[in-house]
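These are the residues of each chain, in order.
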Amino acid sequence: MNPAPPVSSVDGLSGFVPSAAATPLSAVIRALVLLRLRALLRPKLFLRFAGIAVGLGVVTWFAVPPANERQFAQWSVEVFLLRILPLLCLVTGGSALRDEIRAFTIEYLWTRPARKAHLVIGAYAGALALTLTQAVVYVVVIHATSALHGFAGAWSYLPASLIATVGGVLAFTAIALALGVLTGKYLVIGVLYGALVEIGLSRLPTRLNNVSVTHHLQTLIESGGASSEPFRFLGLLSGASGCLAIAATGLTAAAVLFTLKTYRIGDEKET
Amino acid sequence: MSAIIQASELSCFYGVILGLNNVSFTIGEGITGIVGPNGAGKSTLIKVITGQVRPSSGELTVFGETPWNNPSVLSRIGYCPEHEHVHADLRPLDWLESLALLSGLPAGDARTRSEQVLQEVGLATQHWKKRIGTYSKGMRQRVKLAQALLHRPRLLILDEPMNGLDPMGRHEISDILRSLQRAGTHILISSHILDELQSLCGAFLMLNWGRALASGSQSAIRSEIQHWPEQVVVRTSRPEVVAATLGQAGLLRGYLLETDRVLLWLKDPAAFYASWTTTLAGCDADILDVQSKSTSLTSVFEKITE
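The listed protein sequences correspond, in order, to chains L and C.
Counting in my numbering, the first sequence runs from 1 upward without gaps.
Counting in my numbering, the second sequence runs from 1 upward without gaps.
Treat the hints with care, since some could be wrong.
[Unchecked claim] No farther apart than 20 angstroms at their CA atoms in a straight line, the calculated lysine-lysine pairs in the PhoX-like style are these:
1. L:Lys185 x L:Lys261
2. C:Lys130 x L:Lys44
3. L:Lys44 x C:Lys129
[As the list claims (entries may be wrong)] Each pair of labels, with its calculated beta carbon distance range:
4. L:Leu41 x C:Ser136: 20 to 28 angstroms
5. L:Phe104 x C:Ser2: 27 to 35 angstroms
6. L:Pro24 x C:Glu115: 22 to 30 angstroms
7. C:Arg211 x L:Leu25: 35 to 43 angstroms
8. C:Gln126 x L:Leu260: 41 to 49 angstroms
9. L:Gly200 x C:Ser11: 44 to 52 angstroms
10. C:Gly39 x L:Pro24: 51 to 59 angstroms
11. C:His83 x L:Leu41: 23 to 31 angstroms
12. L:Ser238 x C:Gly39: 51 to 59 angstroms
Read the hints as simulated data drawn from the structure, not as lab findings.
Please read all numbers here as calculations on a predicted model, not as lab measurements.
Built from N, CA and C at the ideal position, the CB exists for glycine as well.
Whole structure, please, built from the sequences with the hints as guidance.
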């Protein structure tokens, strides 16, 4: 019979006394961001990430004629910022907690002494870190390719594009996270949401378009091109606060849903 | 003995699917086994205890508090689920470090403690650099157990922890659990390998169809069961003679003859044990072995679920 390990080895955690209090939010964020980024460091995922960046560069080279400002704007804003970026956020944000639920690994997270709302914020931070890293690289690739291809003005659009990208990632990821927490069919619901709100409502010339992220991203981009400084500042303020408000709403909805819902992991039956 | 877990008229339904039905019990200190066939409600009960599922009605408390959305309870619980799903893309130390942070360990201690628990569960250091997805079932079980021990829980909950382990691995895990118990950790363990529970656990909770059939020590459960038909196996050269002799003495409810043994269902266990030596001494057969079959946990459970 094997001897039992000494008791001291089981009980030998120096300096740590289990606390009855919930794990601090900062520790939850750190834990989940680490978890997410370490998953990204897999060679397969890194290759996919690099492949998309190269693909975007190639498409930019061939799809945008040199020195064609209108086509550059159409490609970098209309296609990348308003179509590709939301899909990227939908996949990453929606899967942040839903993949854990599907894969049963959520049990290792929510049986820890962390508040469920904090887990949502941590998962959001992890998804943000992942999506922002990718999105910023993609935006730089698009602008650098255009500049190399003969459109020298591409670099002047980069700051506004980056600001809009950050705003878009913040808002779209929060919405995607809430959809992922709500249902396993978050991709379908996300595409429907995109068609109804981001494409439909954003085009309505009423204040109703404030609920769409697209409207605020357009404001951010337009403020980058504004000639007068007050208009530039007001545009930035309006667009950024719109994106932040939508992000906060999405995150709150996700936190409330995740705290109140009972999940039967694995089989997707929920109450 | 103070109560660690108390359930009072606890019910848990998933829509129309029954999980637990009006269950009341108390689980005390030490190692307690949850026994029941598939669908008995074991996993549902564990999910309620670990705060993953909110009861539909009734109440369950762990350390005197309800576990649902309660970090105070969860900080004292370590949970090792039944399924094998883990973050397959990660290396064990990376995964454990994140979970240690989530458990409230200081950032400086998280990595050290992760190494410590991997050593405690006997995962050899040469495997630490591999991704968990490449591990055997037994190695995954060890990593799963390690994550449950990270924050030094007072109550360790293990759902089928012996699954996938070879006999040596089961023995080692049993030793670790006994060691934890000696260190003051209370353990709740569900397993369908009843013989192992029998050697580990001081008390049991028996579930079937979402109901608690019995709880307490094995002998206490046995004594609760009325009309207990004790089963005894007698290995003998002439089974039919033994059966006939005991039958004529009025001690049997029935018997089953085999080539070299007879399985006896006793009418009155107390009367049998008071007289069997003299009764059998008078019969014309060699008695090679007399063994009580129904003292095992398996037979207690079989009886209780009849």
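Legend entry - Index of numbered hints that the structure contradicts, given in increasing order: 10
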